[in-house]
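A.B. asks: What follows is each chain in one-letter form.
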Amino acid sequence: MAVDLAHHVVRRFTYGSTPELLDLVRARGVDRWFEEQLRPDSVADDVCEGVIASHPGFYWGQLRSYAEVQGVRDSLSGTGLPPDSMFQNAKRNLNYARRLLSTRQVFETMVEFWSEHFNINDASGKGAGLLNAYGLDWEVSVVRAHALTSFPRMLRAAVYHPAMIVWLDGEYSRKSSPNENFARELLELYTVTPDAGYTQDDVVHAARLFSGLRGPWQRTPSAPRAGMVGMHAVDDQTFIDVSQQHFGSFRVMGWSGSATTPSGVVAAIDGLVAYLAGHPATARNVATKLARRYVADAPSPQLIGDLARHFSAVGGDTPGMLRALVAHGEFRAAVGRKLKRPTEDLISLARALQLVPDPAKFGWVGRSGGTAAVNWGFDQLLGRLGHQHARWPLPDGYPDTEEYWNDSASHVARWYAHQILVGGAAASTAGMQPARWGSLVSSSTPATVPDIVDAVASRLLQRPLSTESRAAVIAAASRTRGAVTESTRDATCALVAFLVTSLPEWVER
Amino acid sequence: MTNPRGQYASRRDFIGGSLAAGALLSLPSGVRAAVGPRTQATVAPAGDLAAQTGVVVHLFLRGGFDGLSAIFPLGDADLRAARPVITVPDAAALNLGNGWGLHPALAPLVPYWNAGELAIVVGVGATTHTRSHFDETNAVTRASFGGSTLSRTGWIARATDELTERASLQSVSIASSTLASRNGTKPSLSVGRLSNTRFPSVTGLSSVTFADFVREVGRSSGSSWAARATATTDAVRLVEGLRTVEPAVTYPTTDTAARLRDAAALIKGDAGVRFVDLDFAGDWDLHAGIGTVDAGTMRGLLTDLAVSLAIFRADLGAHWSRVTVVTSTEFGRRVRENASQGADHGWASAMFVLGGAVKGGRVLGAFPGLAPSQLADGDVRVTTDYRSVLAEVLTRGAGLPGASIGRVFPRFSPVSVDAMR
Chain A
1 MAVDLAHHVV RRFTYGSTPE LLDLVRARGV DRWFEEQLRP DSVADDVCEG VIASHPGFYW
61 GQLRSYAEVQ GVRDSLSGTG LPPDSMFQNA KRNLNYARRL LSTRQVFETM VEFWSEHFNI
121 NDASGKGAGL LNAYGLDWEV SVVRAHALTS FPRMLRAAVY HPAMIVWLDG EYSRKSSPNE
181 NFARELLELY TVTPDAGYTQ DDVVHAARLF SGLRGPWQRT PSAPRAGMVG MHAVDDQTFI
241 DVSQQHFGSF RVMGWSGSAT TPSGVVAAID GLVAYLAGHP ATARNVATKL ARRYVADAPS
301 PQLIGDLARH FSAVGGDTPG MLRALVAHGE FRAAVGRKLK RPTEDLISLA RALQLVPDPA
361 KFGWVGRSGG TAAVNWGFDQ LLGRLGHQHA RWPLPDGYPD TEEYWNDSAS HVARWYAHQI
421 LVGGAAASTA GMQPARWGSL VSSSTPATVP DIVDAVASRL LQRPLSTESR AAVIAAASRT
481 RGAVTESTRD ATCALVAFLV TSLPEWVER
Chain B
510 MTNPRGQYAS RRDFIGGSLA AGALLSLPSG VRAAVGPRTQ ATVAPAGDLA AQTGVVVHLF
570 LRGGFDGLSA IFPLGDADLR AARPVITVPD AAALNLGNGW GLHPALAPLV PYWNAGELAI
630 VVGVGATTHT RSHFDETNAV TRASFGGSTL SRTGWIARAT DELTERASLQ SVSIASSTLA
690 SRNGTKPSLS VGRLSNTRFP SVTGLSSVTF ADFVREVGRS SGSSWAARAT ATTDAVRLVE
750 GLRTVEPAVT YPTTDTAARL RDAAALIKGD AGVRFVDLDF AGDWDLHAGI GTVDAGTMRG
810 LLTDLAVSLA IFRADLGAHW SRVTVVTSTE FGRRVRENAS QGADHGWASA MFVLGGAVKG
870 GRVLGAFPGL APSQLADGDV RVTTDYRSVL AEVLTRGAGL PGASIGRVFP RFSPVSVDAM
930 R
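Here the protein sequences come in this chain order: A and B. Note that my numbering numbers the first sequence so that position 252 is 252, with each residue one more than the last. For any residue, its number in my numbering is found by taking its place in the second sequence, counting from 1, and adding 509.
Chain B extracted, bound-state conformation (with noise of 0.2 Å):
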C-alpha cells in the first residue's frame, strides 16, 4: 500500500487530538506513565444494579498473545532495534496518545476508546515466568498459584460461586474445547455453539421423558458423569428458549464472531447469564509469520478480534451497559523477533477491558520500558498481576463483592489498577 498514514489519518488524528491534555502521573524515574483521561462519560451500572444484572465476558487469547504488537511504545528506539522486521511503524499506527501506538488492524476499537469504554493494560501477566503453554494456560485460566499444587477449579466458577443467586445458565462457556477457567462443581454449561445445543432426537422419545430418565438415574447413581448430565438437560432447556433471539447486525463469518454471537444471544435472552468463557478461535502462538503490519498472521488475527468485538458491541445495543469484556493470554512473547518474523514465548502481555462501566481511554499499568536492563531475560516485565485486573471486573463488572475476592483469588492481595468505575 502507498500511504498507510493517509487510510487512518483522519481517526488517528481524533485520537490523538483527544488525549492532547492527557495528564502524567508520578512514578518512579523511567517508567512511562501510561495513563490518559476518559474522553466521555457513559452511563455504568450502580452498584446495586451490577451486583443482579452484571456480566463479565472473558475471552481467552490462548497461545501466547504479544502485546507488543498490538500496542506499543511510538518512536521506541529499542523496540526497533530488537523488532526490525514486525514493529508496527510509527507512521502506520494509531496514536493513542501518551507516546502509545495501537496496531492499524485495531482500528474497529477505537469507537470503544473514544468513548471511554477501552482500556489497555500493559506489562500484565501472571507473576510466574515459566514461559511454557501449558503451565501458564494452567495457572491463568485456574488463577491460583497455591504452591505446587494447582487448584482444581477455575476462577470463573470460583465466581459463579460467589453469586448469591442461583440458575442453570449464570455461566457458560463457548469454546472449541472445555476451558480450565469453567471448572468447577457448580451447576455450568458449556457449549461448543448455541445452535448444537440441543436435546436427542429419537423418534417419539420426548424432552420431557429423556430429561426425566437423566434426573432419575442421576439421582440414584451418584456419579459425576450422571450429575453433569442432570445440570446439561435444565441448561438445554434454557438454551431451548433462547433461539428466537436474532442478532441485531450481521456478524463476520469467523468462529470467534459466532461464538461472540452465541454470547450475546445469552445475554440479550435475560437467561440470567452472568459469566461468559469464550475461547478466541485462532492460535496466537505466533512463533513464525507475525509479520509485517499489512501482510502476516497476527493482523488477520487482531482484524478478526476487533471487528467481532465491534460488531457485538453493536449487537448487545442497550445491554452493553451491563457488560465487561476481559481479555486474558498464557503470557506475552519475547521482545527480539525471531528469523522467521515470529517471537517465542515470553512473559508480559497487554490486556483490553471494555464495557459501558469501564474507565476507558487510557492505558494502564507500569511500563518500564523496552531497553534491555528494564526486561527479564529478554522479556517485557510483568508489573501488574492480571488478577488485580480480573479482581476489579468482578468487583465492579459483576458486581461481586470485594470480600469475596479473597475466594475467588486465593492468597493474593489484589492492587488497584483503576480500570474500572
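So that you can see chain A by itself, here it is in the shape it has in the complex (with noise of 0.2 Å):
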C-alpha cells in the first residue's frame, strides 16, 4: 500500500485526523503545513480561545501566580465550593478542550509529551494546596513556553520551578540531610537516566547543590510569606535558603563546581544543568522517547543513534529534532503502528463527530439555590480509563506502549467511553453537544445500512475499512438495526459508529 504521507502525519501529531483536517493539509502541502505548526504563534487559533474564554470550567485553569490563585480561593471562601480540585479540573479540561479544537495541533501534542517527560501528579496532595496553585503556572511558564523551544532552555525552567520543586520534596531538603529525591529523578528520568551509570554519591552530590531550592516560602509549605528573611531570590518565585543550602564543591558525572555564596549555588546549579541537558545520553534518551512517541514503541537503534546526534549537533532544539523525525525512513515506514492511548482515541473520535464542550454541564454550574461545581464528564471518562493530564502517579509519566494500555480493563473501558460519545448520552454524561449526523455524513441521505457503514468509516477514518471489518460492521449492524428509516438513521449512525470504534483500524495511529 502506498504511504499517504500526509494522513500518517496528521494522525501522529495531531489529536485525530478528520476529513477536514486532511483536506487542509493536502491543500497546503504537508511540509508547509508541519512547517506552520512548528511555529504555532503563526496559526490562527480564535475558535478554540473564543470557546475557552466564554467558559468557566476553563478559565480558572489560566490562572497563573499564586497571588491570581490566592484571590479566587478568598473570594470562594464560605461558598462551600471546593476550588483546589476545581484547579486541578480547570487545567485538565483546559488541556483538552485545546486538544480538541485547538488549530494547533504538532503544539499541543507537545505539550503533552513535555508534561510526561516531567510529570507532575496534581492528585498527589503533596504541598497542601501549593501544588495546586503552582501546577497551573508549571504548565504555562515550563511546560507551553517551552514545548517547542529546547530541552535546555526548558530543563532550565522546570529545575527552578516551584511545582517540581514541592513535587519532589525539595521543600523539606535540609543541609544536614539533604532529600534525594529530586536529584535522583533528575538524572534518571530528566536527562542522562541509569544508562550513564551515574552513582549514589552523584546523587548525593546533586542533592546538596538543590538542598535550599524553594519556592516563595519558608520552612513549611502551607503558603507563601510576606519578608522572606534568609532567602536569597533566584527569580520572583524562586528562592535559596541560606540556611538550608549546602555550599561547598560538587561533583557530579563528568561535571564540578563550587559555590560559596547563594548567587554561586545558582551558577553552580546552572553549570549542572547545562551538563546534563547537553550529555550524549541525555540526547538518547530524549531521542527514545520522541521515537516512542511518535514511530512505534520499539524504536530501533539506528533511528535513536540517529536523532540522538540530530539532537547533540542542533543543541536540544525541538523543532530540529521533530523535522528530522519526520524526514526519517523508520518514521514513514510506521504507518498504522501506534495505538492510540485513551486520550487520543476519545479526542480523536470527538473530533471527528465535531463534539464541542456544552457549557451548561460543567464548571461552576447554576443550581437552584445556589452555584455548585461540576466535573466535567469528558474528564470523568478519561478517569475511567486511566488518562486523565497531570494524574501519572509517578514523576515517569504515562506509559507509550501497547503492552500496556492493550488490557481488558481498556477494552471494557473504551466501549463503554465509545457508546457514550456517539449518541445522545454524550450531552448528560460527557459534557458534549451531541453529534449532528444529518451533518457529519454525506448529504446524499444514506439509506442501507451498507451505506451507512461507508459514510460513518469514511468520517471516522478517511479510508474505506478492510472487507472483512465492512463485512463484521454490516452484519451486526443489520442484525440490531434492519431496514433504515429516516426516524431510525441517527440512531443507526451511532450504532455503527460504535462498531467502528471496536475495530483494530480505530486504535491504529
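None of these hints come from the bench; they were simulated from the model. Careful, some of the hints might be misleading.
[Said to hold, decoys possible] What follows is a list of derived Cβ distance ranges for each label pair:
| no. | chain 1 | residue 1 | chain 2 | residue 2 | range |
| --- | --- | --- | --- | --- | --- |
| 1 | B | GLN883 | A | SER312 | 36 to 46 Å |
| 2 | B | ALA676 | A | ASP297 | 22 to 32 Å |
| 3 | B | GLY731 | A | ALA53 | 45 to 55 Å |
| 4 | B | SER716 | A | ARG436 | 22 to 32 Å |
| 5 | B | SER715 | A | ALA425 | 13 to 23 Å |
| 6 | A | GLN302 | B | ARG589 | 34 to 44 Å |
| 7 | A | GLN200 | B | SER715 | 22 to 32 Å |
[Said to hold, decoys possible] Listed next, the in silico SDA-like pairs over lysine to any residue satisfying Cα-Cα at most 20 Å (straight line):
| no. | chain 1 | residue 1 | chain 2 | residue 2 |
| --- | --- | --- | --- | --- |
| 8 | A | LYS289 | A | GLU508 |
| 9 | A | LYS175 | B | ARG845 |
| 10 | A | LYS175 | B | GLY798 |
| 11 | A | LYS289 | A | ASN119 |
| 12 | B | LYS777 | B | GLU755 |
| 13 | A | LYS175 | B | GLY887 |
| 14 | A | LYS175 | B | ALA848 |
| 15 | A | LYS175 | B | PRO593 |
| 16 | A | LYS175 | A | GLN200 |
| 17 | A | LYS175 | B | ALA590 |
| 18 | B | LYS777 | B | ALA819 |
| 19 | B | LYS777 | B | GLY798 |
Ideal Cβ placement from N, Cα and C applies to all residues, glycine included.
Take each chain as given, in its own frame, and dock them per the hints.
C.D. replies: Here you go:
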C-alpha cells in the first residue's frame, strides 16, 4: 500500500484526523503545514480561544500566579465550593479543549509529551494547596512556554519551578540531610538515565547542590510568607534558603563546581543543568522518547542513534528534532503501528464527530439555591480509562506502549466511552453537545446499512474499511437495526460508529 | 494519646505470651533468629486440592514499602539512632516475640498471627540495588533479571501459563493501572472494578451480537488488539455471572478494600480464578510524612492495609483455606530518616504471607541487624530473594509443580523460606 504521508503525519502529530483537516493539509502540502505547526504563534486559533474564554469551566485553568489563585480561593471561601480540586479540573479541561479544538495540534501533542517527560501528579496532595496553585503556572511557564523551544531551556525552567520543587520534596531538603528525590529523578528520568552509569555519590552531590532551593515560602509549605528572611531570590518565585543550603564543592559525573554564596549556587545549578542537558546520554533519552511517541513502541537503535546525534548537533532544539524525525525513513515506514492511547482515542472520536464542550454541563454550574462545582463528564470518562492529564502517580509519566494499554480493562472502558460519545448520552454523561449525524455523513441521505457504514467509516477513518471489517460491521448493524428509515437513521449512524470504534483500524495511530 | 500501651496491652500480652517458647535457630553470629513457632494449626489444602483450587492473591505495595515501619527490632539502639522521630516507640509496639515489634496500626492482622496464618519475611527484596522505582518495579513485577533485558511477561502471567486447565478468569488483576506482573500472552482479565466490567449498552445491540462481532473481527484481523478484545468478551461474560455474589461482611470504603471485595467475589463465585493481582490503592513512597506512630501517612496506610485484609479474610469464610495472600514492593526504604519525617529509597523490605496454608506466627528470614556496619550503603541488606517467597507461595499455595518454578523464575534457584506448609 502506498504511504499516504499526509494522513500518516496527521494521525501521528494531531489528536485525530478529520476529513476537514486532511483536506487542509493536502491543500497546503504536508511539509508546509508541518513547518507552520512548528511556529504555533503563526497559526490563528481564534475559535478555540473563543470557546475557552467564554467558559468558566476553563477559566480557572488560566490563572497563573499564586496571588491570582489565592484571590480566587479567598473569593470562594464560605461558598462551600472546592477551589483546589476545581483548579486541577480546570487545568485538565483546558488541555482537553485545546486538544479537541485548537488549530495548533503539533504544539498540543508536544505539550503532552513534555508534560509526561516531567510528569507532576496534581492529585498527589503534596505541598497542601501549593501544588494546585503552582501546577497552573507550571503548565504555562514551563510546559507550554517551552514545548517547542529547546531542551536545555526547558530543563532549566523545570529545575527552578516551585511546582517541581514541591512535587519532588525539595521543600523538605536540609543542609544536614538533603532530600534525594529530585536529584535522583533529574538524573534518572529527565536527563541521562541509569545507562550513563552515575553513582549514589553523584545523586548525593546533586542533592546537596539543590538542598536550599525553595519556592516563595519558608520552612513549611502552607503558604507563601511575607518578608522572606534569609531567602536569596533566584527570580520572582524561586529562592535559596541560605540557612539550609549546602555550600562547598560538588561533583556529578563529569561535571564539578563549587559555591560559597547563594549566587554561586545558582551559577553551579546552571552549570550542572547545562552539563546534563548536553550529555550524549540525555540526547539518547530524549531521542528514544520522541521516537517511541511518534514512530514505534520499540524504535530501532539506528533511529535512536540518528535522532540523538541530531539532538546534539542542534543543541536540543525541539523543532529541529521533530523535523529530523518526520524526515526519517523509519517514521515514514511506520504507518498505523502505534496504538492510540485513551486520550487520543476519545479526543479523535470527538473531533471526527465535531463534538464541542457544552457550557451548561460543567464548571461552576447554576443550581437552584446556588452554584455547584460540576466536573466535566469527558474528564471523568478519561478517568475511567486511567488517562487523565497530569494524574499519573509517579514521576515517569504515562506509559507509551501497546503492552501497557492493551488490557481487558481498557477494552471495557473504551466500549463504555465510545457508546457515550457516539450517541445522545454525549450531552448528559460527557458534557458535549452531541453529534449531528445529518451534517456529519454525506448529504445524499444514505438509505441502507451498507451506505451508512461507508459514510461513517469515511467520517471516522477517512479511508475504506477492510473487506472483512466492513462485512462484520454490516452484519452486526443489520442484525440489530434491520431496515433504515428516516426516524432510525441517526441511531443507526451511532450504532455503526460504535462498531467502527471497536475495530482494530480505529485504534491505529 | 495518654497511654498507647493501655490500648493494646491485652492483645500484645497475648501475642507475647504465645511466643514465650520461641525457638532459636542456629545462625551465624550477629544474625537475629527471626523464627517463632506457629501457635495454632488450621486446615491446609492437600497438595492435590491446591493444584486444582489454590488461589494466590498478590498485593503490590507501590512506591517502596518501608518494612522498618511495619516490623522492627524492639529496643534497638541503632534503629532509634537512625530514626529518632519515626520509629514506633517500644511501648506502643505490638510485641511479636523474639524481639520483634509490629506497628500498632497492624493490630487487625494480629488474629491472623495468633491463628498461625500470618508469616512476615524480613530482609527481603530483589537482589538488585538500584533504588529506582522504575527499574525495581519492572524487575519485581516481571521477576526476571536476564541480563540487561527484562522479560516482557510478568511472573503471574508465567505462573498462569503453568496451570494445566484453561479458563478466561484464571488470572485477574484489579488495579488502577495495568500491572506488569500480569502482562502476558495468555487470556487474562484486568479490571478497574468488577462493577465496571460490562458489555456496552448501545440501544438494540445485544451482548451476543456484539461478542460475535468482536470474535469475527478478531478472527480476520490477527492484531493483538483484536485478540485481546475477543478474550475480553469471554471474560466479561463470566463476570456478568458474578453479579449476584454478595459480600458476607461490610467492607471499609477505601479503594483497596473495594479491590479486595472484588477479589473475594471472584473467589467465592467459583469462576475458576487462580491468581488475583491487586494494586494497593495508596502511595508508599514516603520521602516525607511517615510521621510518628500516632500521626502521619504511614499510620493511615498501614491501617488501610490491615483492616482491608482482615475484612477480606472474614468475607471469604470457608474459601479462606485455599487462599494465600502475599505482598510485595519495589524496595524498602533507607534506614536513616530524612529531615521531613520520611525515608528515601532503600533496599530490603518486608513481605506479608497470609493464608490457610501458611506456616504463620513467625518472622522469617535472616536479619543481620541495623548496626551501620551491617547496612549496604545505609540500607537494610537483602538476605532473602523475594522470588524464594513467591516460589513457595506458587507451589504450596497455588499447587504449581516444583518443576514449573524454573520457568516462572528463569535462571533462579529458590532457597527455602519455610513460609508455607
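A.B. asks: With reference to the structure, classify each hint as holding or not holding.
C.D. replies: A quick look at each hint next to the structure:
1. Checked against the hint of 36 to 46 Å, the pair B:GLN883 and A:SER312 passes, with Cβ atoms roughly 45 Å apart.
2. In this structure the hint that B:ALA676 and A:ASP297 lie 22 to 32 Å apart at CB holds, the actual value being about 30 Å.
3. Between B:GLY731 and A:ALA53 the beta carbon distance is about 48 Å. The supplied range of 45 to 55 Å therefore holds.
4. Between B:SER716 and A:ARG436 the beta carbons are some 29 Å apart, a value that agrees with the proposed interval 22 to 32 Å.
5. Evaluation of the 13 to 23 Å hint for B:SER715 and A:ALA425 yields a pass: the beta carbon distance comes to about 19 Å.
6. Range check, A:GLN302 to B:ARG589: Cβ separation about 56 Å, and the 34 to 44 Å hint is violated.
7. Here the CB-CB span from A:GLN200 to B:SER715 is close to 60 Å, at odds with the stated 22 to 32 Å.
8. Annotation: proposed proximity of A:LYS289 to A:GLU508 holds, straight-line Cα distance about 19 Å (limit 20 Å).
9. At roughly 15 Å between alpha-carbon atoms, A:LYS175 and B:ARG845 fall within 20 Å of each other, so this suggested pair holds.
10. Pair hint A:LYS175 plus B:GLY798 holds up; C-alpha atoms about 19 Å apart against a cutoff of 20 Å.
11. Between A:LYS289 and A:ASN119 the CA atoms are separated by roughly 14 Å; this keeps the pair inside 20 Å, and the hint holds.
12. For the hint linking B:LYS777 to B:GLU755, the alpha-carbon distance of about 9 Å falls within 20 Å, and the restraint holds.
13. As the CA atoms of A:LYS175 and B:GLY887 are separated by approximately 18 Å, the hinted pair is consistent with the 20 Å bound.
14. Annotation: proposed proximity of A:LYS175 to B:ALA848 holds, straight-line Cα distance about 9 Å (limit 20 Å).
15. As the CA atoms of A:LYS175 and B:PRO593 are separated by approximately 18 Å, the hinted pair is consistent with the 20 Å bound.
16. With a CA separation close to 17 Å, the supplied pair A:LYS175 and A:GLN200 stays within the 20 Å bound.
17. With a C-alpha separation of about 19 Å, the suggested pair A:LYS175 and B:ALA590 falls inside the 20 Å cut-off, and the hint holds.
18. For the hint pairing B:LYS777 with B:ALA819, the CA-to-CA distance comes to about 16 Å; that is within 20 Å, so the pair holds.
19. With a CA separation close to 38 Å, the supplied pair B:LYS777 and B:GLY798 exceeds the 20 Å bound.
When each numbered hint is compared with the structure, violations occur for hints 6, 7, 19.
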